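Taken in order, these protein sequences are the chains called A and B.
With the first letter of the first sequence counted as 1, position 149 gets the number 312 in this note's numbering; the numbers rise by one all the way through.
With the first letter of the second sequence counted as 1, position 366 gets the number 1049 in this note's numbering; the numbers rise by one all the way through.
Some hints here could point you the wrong way.
[Said to hold, decoys possible] Among the chain A residues that face chain B by a calculated CB cut under 7 Å, a handful are: (1) Pro177; (2) Pro178; (3) Lys191; (4) Gln192.
[Stated by the list, open to error] Each computed DSSO-like pair below joins lysine-lysine, with the alpha-carbon atoms no more than 30 Å apart: (5) Lys1000(B) / Lys186(A); (6) Lys1043(B) / Lys186(A); (7) Lys708(B) / Lys769(B); (8) Lys817(B) / Lys776(B); (9) Lys306(A) / Lys255(A); (10) Lys255(A) / Lys314(A).
Treat the hints as calculated values from the structure; they're not laboratory data.
This one's a predicted model, so the numbers in the text were calculated from it and none came from an experiment.
Just so you know, even glycine gets a beta-carbon here, dropped at the ideal spot from N, CA and C.
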Amino acid sequence: MSSEVEWPWQYNFPPFFTLQPHKETRVKQITAWKALILDYCGVNKICSIDLRETNEMSLFTNAAINRTLESSALLVILEELQNSGNAIPMDKQRQRWEIYWHTLEEFSQIIYNYVMNSNSLDMVLTIFELTESDDVANEEFYKLNSDVFIKVLRVLEKDNKCELILLEDSQGVKFF
Amino acid sequence: MNRFEYTEPALSPNEYFLVKENNAKLYDGDQKTNFEGGMVHITTHRIFWGKPGHFANGQICLALPIQLIIRLDEEVPGTFSFSKSKKIVLYLKEPSPDRNEGPQLNSIYNFVKISFRDGYSQQISIALIESINKRRWEMIETPTTSAIEEKPMPNIKLRTGIIGIERSLIEKQKAADESINVAFQDLSKLMTMAKDMVRLSQNISTKIREKQGDITEDETVRFKSYLMSLGIDDPVTRDAFKSDNQYYRSLAKQICDIMVDPIEEIGGMMVLTDIYCRVNRARGLELLSPEDVLNACNLMQNMDLPLKLHVFDSGVKVLQLACLDSEIVAEGTAELLTERGSLNAEELAQFLGISVILAKERLLSSERCGKSCRDDSIEGLRFYPNLFLLRD
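Only chain A is shown next, with the shape it has when bound in the complex (with noise of 0.2 Å):
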C-alpha cells in the first residue's frame, strides 16, 4: 500500500506511540492521532480499521524509530474518534472499526453539492459511477467503501434530498 501521506513530525517522536497519562499531554496526542488517522485513512481510501492487523499498518508502526501504537491506546483513539462522528464500532468486541474520514453529514453535503454542481439532479445515478467513474476520481467520496457510501445517502434520504433504489444487482439513487 503506497501511501502519499504527509508524517507529521509527531510521527518519528517515540512518546508518540505510548498513551500518556498527563492529560492535557494526552488531549494533545490523541488529536494529532485522529488528524493522523483520517488523513491517513482518506489518502489510502481505507473505510475499515481491524484491531487484530493494525501491527502490518505503516500507520500504526513506525520502524524507523521501532515503535507501535498498542492496540489498546489505539481503542481510547477510536473511541475519541467515534465521538466525533468518524468511526463506529463495527462488532460488540470493538474489534472492527468503520472509519470516516469525513462524518457522514459532512460527505452527505459534499455528495450533494458535487451533484448540484454537475446537474445531475432528477436523474438516476447508479452508486458505481458516483465512487469509481474516472469523474469523481478529484472528490473526496472516490472510491468510498459502497457500504459507507450507502450511509451516506440514507442520511440525504431523511432530509428527502435523494432516493435510494436498490436492486439485487444494481444498486442507483437519485437526487432531488
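Using the hints provided, position chain B relative to the given structure of chain A.
Chain B alone, transformed into the frame defined by chain A:
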C-alpha cells in the same frame, strides 16, 4: 590329666577369682595321681590346682581351662565306701593342640576327678557351673576385637542411607549454631564496649565545655573534630527522654542538623533509606531503628525544620528541603531533557548523582507537571521533552 597345663597362678584380663577349697586331689580318670593335698582355685576361666603357698608365691601350678569341661558330676561316697571324700567328676573335650606343657602328655580317660578329702562347700559346684555357663573367656575376645574396630571409626564416616544424611545435616547445624553463638558473643561484647565509648566521649565533651577557658581554642576545635570523626559527639538516645514524642522531636532536629548539607549537595532530596543509613553511620553507636527515623521525619513538617518528609505517589519516601519547590525541580528536569533529547531514570541518576529511584520520581513529577512525556517500549521507560505541548 593331659588337659591340665603348667602355668603361673596369674589371672588373665577379664578373669575373676571365684572360690577356693583345700585338700584337693586330682584323679586321671579313675586313677589316682601324685597331685594331692593341694588347693583348688576356681576362676571364671580356669580351675587351678597348686600346693598350698604356691598361689601366694606365684609358683608354677596346674590349670584346667573351663572351656574344656563338657559337664560335671558329683560323686558322693557310697554307704559302704571307706572313703569319706567327696569328688567332682569333670567330663572333658579333647585338649586343644596348642596348649601349654602339662604334667601328662596322653591320657586314656576323657574325664578327671577332683577329690576333696574334707568335702567341699556347695559354692564350688555352683561356681563351676556358673563359669561353664557364662563362658567369660569368650567375652574377652569380643571387647578386645571391638576395641580394635572402634578406633578407626571416627575416620570412616558412615554416610549410608537417609539416617547418614540426616546425621551429617545435624552435625552441620550444630557447627553453624556454635559459630553463630560465638559471633554474637563478640557482638554483645562490642555493645558493652560501645556504651563505655559513648560515655567516654560524652565525658570528654562536657569537660571541654566546662573548661572552655583552660584549653586553647585551637585545641578545643581539634579535639572536637576527633570526636566528630568518631560520630556524633552527643547522640540523642531514648533513655534521656521521658516521652516518645519528645524523643522523636529531638531526633528530628538532630537528623535535620546532620542531613541538611548532604541533601543540599545532591539537589535537595534524599531517599529515606539513604537517610537511615547515613544517620546511623554518623551515630556509629546507639543505632536507631527504621521506625524511629520514620517517626522523627514525620514530625519535621510541623517543627519548622529545613527538611520535610515527602511521599511520592509510588510510595517512595524522601526527605527534601522544605523550601524545595517541585515546580522548580520539574523545570530543571525539563531543561535537562531538552538538553539531552531524552532520558531514562538511570541516565538521569548518573548525571545528577542521585539514586535511580529518585531520578525516576523526578521524571514522573515533571511528567505530572506536563513538562515531559513518556515513551514506554520494550527498551524501557524513557522520557522526552513534552513536544506535544511545546510545539503547538
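Subject >> Structure versus earlier hints, numbers of those that do not hold, lowest first >> reply: The structure conflicts with no hint, since it agrees with every one listed earlier.
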